[in-house]
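Residue numbers (this note's numbering), protein chains in the order written: chain D, 1 to 109; chain L, 110 to 467; chain Y, 468 to 611.
In case anyone wonders, no lab produced these hints; they're calculated from the structure. Here the structure is a predicted model, which is why all the values come from computation and not from measurement. Hints should not be assumed to be uniformly reliable.
As the list claims (entries may be wrong) - Under the rule of at most 35 Å between Cα atoms (straight-line distance), these lysine-lysine pairs were calculated in the DSBU-like manner: (1) L:160 <-> L:275; (2) Y:484 <-> L:382; (3) D:54 <-> Y:484; (4) L:160 <-> L:302; (5) L:313 <-> D:89; (6) D:54 <-> L:160; (7) L:160 <-> D:68; (8) D:42 <-> L:391; (9) L:242 <-> L:275; (10) D:88 <-> D:67; (11) Y:575 <-> L:155; (12) D:29 <-> D:17; (13) Y:484 <-> Y:575; (14) Y:484 <-> L:138; (15) D:12 <-> L:242; (16) D:88 <-> L:391; (17) L:421 <-> L:275; (18) L:138 <-> L:155; (19) L:155 <-> L:382; (20) D:17 <-> D:54; (21) L:302 <-> D:68; (22) L:441 <-> D:12; (23) D:42 <-> D:8.
As the list claims (entries may be wrong) - Chain D residues, not near chain L, derived (Cβ > 12 Å throughout): (24) 19; (25) 55; (26) 65; (27) 108.
For glycine and all other residues, C-beta sits at the position ideal for the given N, C-alpha and C.
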Amino acid sequence: MGYFEMSKLALKWALTKPPTTRYPFEPRKALAGSRGQLVFTKDNCVYCNICAKKCPTGALLVNRAQKKWAIDRLRCITCGYCVEVCPKKSLEMTTSHGSPAVTRDREFH
Amino acid sequence: MPRTVIPFGPQHPVLPEPIHLDLVVEDEKVIEARPSIGFIHRGLEKLAETKDYVEFVYVAERICGICSFIHGQTYCQAIETIMNVQVPPRALYLRTVWGELSRIHSHLLWLGLMADGMGFESLFMHSWRVREKVLNIIEATTGGRVIFGSCKIGGVRRDINAETIKTILKDLDGIEQDLRDITRVFLNDRSVKARLCGIGVLSKQEAWDLGCVGPMLRASGVAQDMRQQGYAAFKDIPVEPITRTEGDSYARCAVRCEELFQSVQIIRQAFAKIPDGEIAVKVTGNPTGETITRTEQPRGEVVYHLKANGTKNLQRFRVRTPTFANLPAMLKVLPGCDLADVPMIVLTIDPCISCTER
Amino acid sequence: MSQEQIELITVDTLLDKVRAKREQGHRLVQMSATRLPDQVELTYSFDLNSRLTNLRLSLPAVETRLPSISSIYDCAILYENEIHDLFNVKVDGLTVDFHGNFYKTAIKFPFGSTKVACASSATTPVSGTASCATAPAANPGATK
Numbered sequence: 001m002g003y004f005e006m007s008k009l010a011l012k013w014a015l016t017k018p019p020t021t022r023y024p025f026e027p028r029k030a031l032a033g034s035r036g037q038l039v040f041t042k043d044n045c046v047y048c049n050i051c052a053k054k055c056p057t058g059a060l061l062v063n064r065a066q067k068k069w070a071i072d073r074l075r076c077i078t079c080g081y082c083v084e085v086c087p088k089k090s091l092e093m094t095t096s097h098g099s100p101a102v103t104r105d106r107e108f109h
Numbered sequence: 110m111p112r113t114v115i116p117f118g119p120q121h122p123v124l125p126e127p128i129h130l131d132l133v134v135e136d137e138k139v140i141e142a143r144p145s146i147g148f149i150h151r152g153l154e155k156l157a158e159t160k161d162y163v164e165f166v167y168v169a170e171r172i173c174g175i176c177s178f179i180h181g182q183t184y185c186q187a188i189e190t191i192m193n194v195q196v197p198p199r200a201l202y203l204r205t206v207w208g209e210l211s212r213i214h215s216h217l218l219w220l221g222l223m224a225d226g227m228g229f230e231s232l233f234m235h236s237w238r239v240r241e242k243v244l245n246i247i248e249a250t251t252g253g254r255v256i257f258g259s260c261k262i263g264g265v266r267r268d269i270n271a272e273t274i275k276t277i278l279k280d281l282d283g284i285e286q287d288l289r290d291i292t293r294v295f296l297n298d299r300s301v302k303a304r305l306c307g308i309g310v311l312s313k314q315e316a317w318d319l320g321c322v323g324p325m326l327r328a329s330g331v332a333q334d335m336r337q338q339g340y341a342a343f344k345d346i347p348v349e350p351i352t353r354t355e356g357d358s359y360a361r362c363a364v365r366c367e368e369l370f371q372s373v374q375i376i377r378q379a380f381a382k383i384p385d386g387e388i389a390v391k392v393t394g395n396p397t398g399e400t401i402t403r404t405e406q407p408r409g410e411v412v413y414h415l416k417a418n419g420t421k422n423l424q425r426f427r428v429r430t431p432t433f434a435n436l437p438a439m440l441k442v443l444p445g446c447d448l449a450d451v452p453m454i455v456l457t458i459d460p461c462i463s464c465t466e467r
Numbered sequence: 468m469s470q471e472q473i474e475l476i477t478v479d480t481l482l483d484k485v486r487a488k489r490e491q492g493h494r495l496v497q498m499s500a501t502r503l504p505d506q507v508e509l510t511y512s513f514d515l516n517s518r519l520t521n522l523r524l525s526l527p528a529v530e531t532r533l534p535s536i537s538s539i540y541d542c543a544i545l546y547e548n549e550i551h552d553l554f555n556v557k558v559d560g561l562t563v564d565f566h567g568n569f570y571k572t573a574i575k576f577p578f579g580s581t582k583v584a585c586a587s588s589a590t591t592p593v594s595g596t597a598s599c600a601t602a603p604a605a606n607p608g609a610t611k
């Protein structure tokens, strides 16, 4: 049975820099492989609808006639399945998380 | 002596998730505990009827937020067994690594909650500080902090390159040192021992009869670990179950502390032996057949019973999660304990209620 | 199923078979039910020395009754209450009966046939059974 087992740890951390960051003032660094946010680039897209079909949550909507691609950010689970299946590589997963979505509206591109 | 019924939960400071117990107490002693669960039944088993079997891996991963990867892995293993898919060895090793990383982060989460539950705030903070380092490794390699999303039927989605393996191994050294620091407090400190020793004792026979799994079973002296069955890369990496004989809360804490180091060793061995090659094979067609697959989660053995009839939707998707199996034992050890020890006993089974109810 | 062994049994022999398993020192791993078009299929899994053995029985889809094994394995109460709540299988002789309040589901008996769903709640006169979603506590009977 030990007494003051915590003191060594407490003392060590009292003398070192805190491991936490001051978040809103100091934004978190994105990690290399992080799945942050889905980004769509219009140039290559052929509106084939594969991404919308494969999306497990039904967050994507593609309209071939009007050449529209839409995403419901609150539904998107950033799994990256659409990026994998996209034949034209017009979808990309960025490492930064972007701003939070607050409404259920679809974002049209 | 008059009896009083004290409601415990569904909202309680030690409970991250809702479970309700009606505690019948006589003075300060608990006489009986009546459970009521089912507050967060989400019907995920029913969802198998509408989601196809390929995308269902995302649902399986979301059964639990903490052991998510092993849920996904078990689901994939079950489908691969039914469809007779040969998964490339590199994928099996990567699954093992991620599975053990998730075990470390789950055990650290539990140690933190445990310290928080007994009022040891600084120890709680330190447990989670170390956990954050593990989560960073996980995020850098899979892309997610708790929902890995890196397992798919036929293999894995992402590879870890040699450069990253080196950095992970270096980080692991630091993590292991941190683990040594905090587990020393958990295992030796007088105030921790006063809260845990001799509380909620479960004998070896009781643990077996009540169908306990995982650390709960091993803390009572039964050496059973599903990793010994040799799924994924465990056929090349032997795992010796960590057991204790006391069967009290302290033993459960000690088993989890030692498993942390075991997992670090497994990751090191896996990286030393990892073969080169493909990380996934293409899977076509629909599954036909039935299987019962068992793997070892941080909380214990998980059982997947899958039945497929050749359509793209599974006929039956049934999961028996470890907490479900450990609940009867918790109800068994509660009568006779002090009211003040109830939170400790409830925490030592590592309750994961959303897992339990699915 | 390669490594698992499935033994087909009937309802009459269930208790004897389970008792034999208990005497051999098996651990109850899980009970699971599967809704098939015309029947409910139950699987009991047991573990001894990390080897899995299963018992399987089929029940008719309507008016399904099942003898409880909770007097043999205490831990079976959770599985049996779950099977009752999800599959509308009446389990006789439960040591702790939640009377359909184990899970708070929006639809009663999600895996059960809808025709018999309403009739069954009348047979268990427990307060709160009718409105399952709002029942405050399970209020199970006295243990043992």
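How the hints compare with the structure:
1. L:160 <-> L:275: violated, 39 Å
2. Y:484 <-> L:382: Judged against 35 Å, a Cα distance of about 45 Å means the pair is violated.
3. D:54 <-> Y:484: violated, 46 Å
4. L:160 <-> L:302: violated, 48 Å
5. L:313 <-> D:89: Roughly 57 Å separates the two Cα atoms, so the pair is violated.
6. D:54 <-> L:160: holds, 11 Å
7. L:160 <-> D:68: holds, 26 Å
8. D:42 <-> L:391: holds, 29 Å
9. L:242 <-> L:275: holds, 15 Å
10. D:88 <-> D:67: holds, 15 Å
11. Y:575 <-> L:155: Since the Cα atoms of residue 575 of chain Y and residue 155 of chain L sit roughly 13 Å apart, the hinted pair holds (cutoff 35 Å).
12. D:29 <-> D:17: Since the Cα atoms of residue 29 of chain D and residue 17 of chain D sit roughly 18 Å apart, the hinted pair holds (cutoff 35 Å).
13. Y:484 <-> Y:575: Holds: residue 484 of chain Y and residue 575 of chain Y sit about 31 Å apart, inside 35 Å.
14. Y:484 <-> L:138: violated, 39 Å
15. D:12 <-> L:242: Holds, because 18 Å separates the two Cα atoms, which is no more than 35 Å.
16. D:88 <-> L:391: Holds, at about 20 Å.
17. L:421 <-> L:275: violated, 41 Å
18. L:138 <-> L:155: Between residue 138 of chain L and residue 155 of chain L the Cα gap is close to 41 Å, so the pair fails against 35 Å, i.e. violated.
19. L:155 <-> L:382: violated, 40 Å
20. D:17 <-> D:54: violated, 46 Å
21. L:302 <-> D:68: Between residue 302 of chain L and residue 68 of chain D the Cα gap is close to 63 Å, so the pair fails against 35 Å, i.e. violated.
22. L:441 <-> D:12: violated, 42 Å
23. D:42 <-> D:8: violated, 57 Å
24. 19: violated, 5 Å
25. 55: With a cut-off of 12 Å, residue 55 of chain D comes too close to chain L, as the shortest Cβ separation is near 9 Å.
26. 65: holds, 27 Å
27. 108: holds, 25 Å
The structure fails hints 1, 2, 3, 4, 5, 14, 17, 18, 19, 20, 21, 22, 23, 24 and 25 (numbered hints given earlier, in ascending order).
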